[in-house]
Each structure stands twice: as structure tokens, then as C-alpha cells.
Amino acid sequence: MMDDQTAIQRCRGGDKDAFRHVVERYQAEAMGHAIAILGNREDAMDAVQEAFIDCFQTLDRIDLTRRFYPWFYVMLRNRCYKVAAKLKKHEVSNWDETEILAPSASLQPEDTMLLERAMLKLPAEDRELITLRHLDGLSYDELAKRLEIPQGTVMSRLYYARKNLRERLKHHAVTGFSEGT
Amino acid sequence: MNKVNCEIVCIAAMAVADGYDSVLSPDRIKAHLAGCADCRREVEHLQALSSLLDKQERRPRTEIVWNRIEPRLPNAPPGQRTSAVLFPFILLGLLLLGYRLVEMIPDRHFGLLFKLIPILLVIAAFGYLRENPFKINSQLTLEGSATK
Numbered sequence: 001m002m003d004d005q006t007a008i009q010r011c012r013g014g015d016k017d018a019f020r021h022v023v024e025r026y027q028a029e030a031m032g033h034a035i036a037i038l039g040n041r042e043d044a045m046d047a048v049q050e051a052f053i054d055c056f057q058t059l060d061r062i063d064l065t066r067r068f069y070p071w072f073y074v075m076l077r078n079r080c081y082k083v084a085a086k087l088k089k090h091e092v093s094n095w096d097e098t099e100i101l102a103p104s105a106s107l108q109p110e111d112t113m114l115l116e117r118a119m120l121k122l123p124a125e126d127r128e129l130i131t132l133r134h135l136d137g138l139s140y141d142e143l144a145k146r147l148e149i150p151q152g153t154v155m156s157r158l159y160y161a162r163k164n165l166r167e168r169l170k171h172h173a174v175t176g177f178s179e180g181t
Numbered sequence: 001m002n003k004v005n006c007e008i009v010c011i012a013a014m015a016v017a018d019g020y021d022s023v024l025s026p027d028r029i030k031a032h033l034a035g036c037a038d039c040r041r042e043v044e045h046l047q048a049l050s051s052l053l054d055k056q057e058r059r060p061r062t063e064i065v066w067n068r069i070e071p072r073l074p075n076a077p078p079g080q081r082t083s084a085v086l087f088p089f090i091l092l093g094l095l096l097l098g099y100r101l102v103e104m105i106p107d108r109h110f111g112l113l114f115k116l117i118p119i120l121l122v123i124a125a126f127g128y129l130r131e132n133p134f135k136i137n138s139q140l141t142l143e144g145s146a147t148k
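Protein sequences, first through last, are from chains X and Z. Heads up, the first sequence stops at 181 in the working numbering, and the numbers go up one at a time, no gaps. Heads up, the second sequence stops at 148 in the working numbering, and the numbers go up one at a time, no gaps.
Looking at chain X on its own, in the form it has when it is part of the complex (with noise of 0.2 Å):
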């Protein structure tokens, strides 16, 4: 499979093929994201193909010694946000299953709907923190870039976010949660 770098320059050269390359190898990874902004699977897909539709358009200003993620990220999560500020009232999907959360061995699948449906009661902002820090397991230092904001600011806002999540299941039983059980 074509390497980011090849595809990249490529793609500079016109060649829309180079660029399914690197849609396909990140569509999956910016739909998690997306979802977890977002909390619905449709903004999320409008979302995830404007932001590579920016992508391309800008590849000539992309930094080829830098990962291509982190990058593209940025786009995304303006988009993401662009199309959460569009929705009149924070709507996020009545699923049946989990959508951000896969089923775990550490918790029952009920436990693990509970987690989610918390999470999605979040600001979009608390939610995209807490996800990219447990899931993605970002470092802070990777958070502080990934967001554009100081480390005392994601020291700050990881505490809040948190603290936001446990009240929303402060008087849910989900089990390896102390608080709750």
C-alpha cells in the first residue's frame, strides 16, 4: 500500500487516486472522532467528507515531515464544530447500541450503553477531551497540539470534563465504578 508521503505528492500532481489511498486509510479513525464530537452518525459522515474535501484542497501547504493525522484533525474538528454550531438543538441518535464505546470485557454490555449515553450528554468539547485522552490514549502533550491549547489548559479541562462525566452517572449502578456501586 502507498505510504502517506507518496500519496500526498501525488495527490499535488492532480492524481485523485493517490487520495482514496489516504482516505481509505484514515476514513475509520475520522469517524470515531467525528461521532465523538458529534454523537450522531450522519453530521458525522457530512462531517468527516467535507473536512477531507478541505484536505485536499489544501494538501499543498501540508509539512511532509509531520505526521498526516494530526493535520488533517484540525480540519475535521472544525468541521465537526462547524456542523454542531449549524444544529439548532444538540441532537445525538437514539442507537440501540453503543456507537463510541465497543463492547468490553470490563464492563456489561448494559454498563457500557449507560458510559455512552453519559458521554453523550456531554459538551462536545468534554466529550472529544475524554475520548482522545481514554480511548485514543493521547499523552498530554499530544492532547495540548492536537487541540491547540496550553497543558495547564488540558490539565484543567480533562479535570472538568471528568467531573461532568461522574455526575451524569452519579445514580447509574455501572459496575467497576465505585461511586455507583
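Treat the hints as calculated values from the structure; they're not laboratory data. Fair warning: there could be bad hints in the mix.
[As the list claims (entries may be wrong)] Derived Cβ-Cβ restraints for the label pairs, each shown as a range:
#1 X/W71 <-> Z/P60: 19 to 29 Å
#2 X/R168 <-> Z/K55: 13 to 23 Å
#3 Z/C6 <-> X/A102: 13 to 23 Å
#4 Z/R72 <-> X/A102: 27 to 37 Å
#5 X/R61 <-> Z/L121: 25 to 35 Å
#6 X/K16 <-> Z/Y128: 21 to 31 Å
#7 Z/Q47 <-> X/D17: 45 to 55 Å
Just so it is clear, CB atoms sit at the ideal spot from N, CA and C, and this is done for glycine as well.
Guided by the hints, dock chain Z onto chain X, whose structure is given.
What follows is chain Z alone, placed relative to chain X:
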């Protein structure tokens, strides 16, 4: 201790639990937690939540977006499109410059309509950008204010 100090200690304690340095030394955090039951309980709960979240993974995605993207991709290579995108802004700059030069001609009075030209140009620019400069984003909040 007052609420602000408690909050700073909790933020610092969670950062230390994540393996990072904070503005407070671990000894100061420990000392505060030893004497403050509220903070101790808060940090314990947040650490339990944190370790629960650490055990979770993202649901793998299977959506395919290429089919929807491909027909919408422009034909020109990326570099050429940048100049096409910039063209309206360069044009706007030139028009404003031209307006200013005309305005500087001495002993000429062009009337009210002439004075409205820059406003019309700015309105046209926002129209082109499809942005409403007067729109207020009611979802913006100050950092941390959502929890207060």
C-alpha cells in the same frame, strides 16, 4: 482551605494520577488530601472513573466515505486552487484601494451613494463567505463554567 484551592488540588491530583507534573508538588497534594475529606472523595471517584474509561476502546468504524467524496473533488491540483480561492479577496482589496484613491481626489463630492460602496463591498464579502457577522454562538461558555 477555600474552594479555589480545593479545585486546584483536585486538578493537580488528577494530573499526577495520570503521570504528569502539576503546579503543586506531590507532597503538597498529599498534605491537602490528608486534611480534606471532600477533596479525597472527589479524587477517589474521579480516579475510579478514569480507570474505568482507560479500559474502554473505540468502536471500530466501517463507513466508507470515498464514494461520496470522489465526485466532489475539484479537477485542478491543490496549489492551483489556492490562488483561485484567494482571487475574490485580492479583488476586494484592489476595489477598496481603488475606492480610497478616488476618494482622495481633491474638491470632489460623490454623494451619499459613493460613501456606501465600502459597506456594500463588506456585505458582499460576508455573502461570499456565507457567514453572518452578527450571529451569536450561544453555546460558547467560559472554561470550567459548565460545572459551576
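Okay, the hints, checked on the actual structure:
1. X/W71 <-> Z/P60: 19 to 29 Å: Holds: the Cβ-Cβ distance is about 23 Å, inside 19 to 29 Å.
2. X/R168 <-> Z/K55: 13 to 23 Å: The hinted range 13 to 23 Å holds for X/R168 and Z/K55, with Cβ atoms some 19 Å apart.
3. Z/C6 <-> X/A102: 13 to 23 Å: Given a distance of about 36 Å, which is not inside 13 to 23 Å, the answer is violated.
4. Z/R72 <-> X/A102: 27 to 37 Å: 31 Å, holds
5. X/R61 <-> Z/L121: 25 to 35 Å: Distance hint for X/R61, Z/L121 holds at roughly 28 Å.
6. X/K16 <-> Z/Y128: 21 to 31 Å: For Z/Y128 against X/K16, whose Cβ atoms are near 27 Å apart, the range 21 to 31 Å holds.
7. Z/Q47 <-> X/D17: 45 to 55 Å: 49 Å, holds
Comparing the model with each earlier hint shows a violation of hint 3 alone; every other hint is respected.
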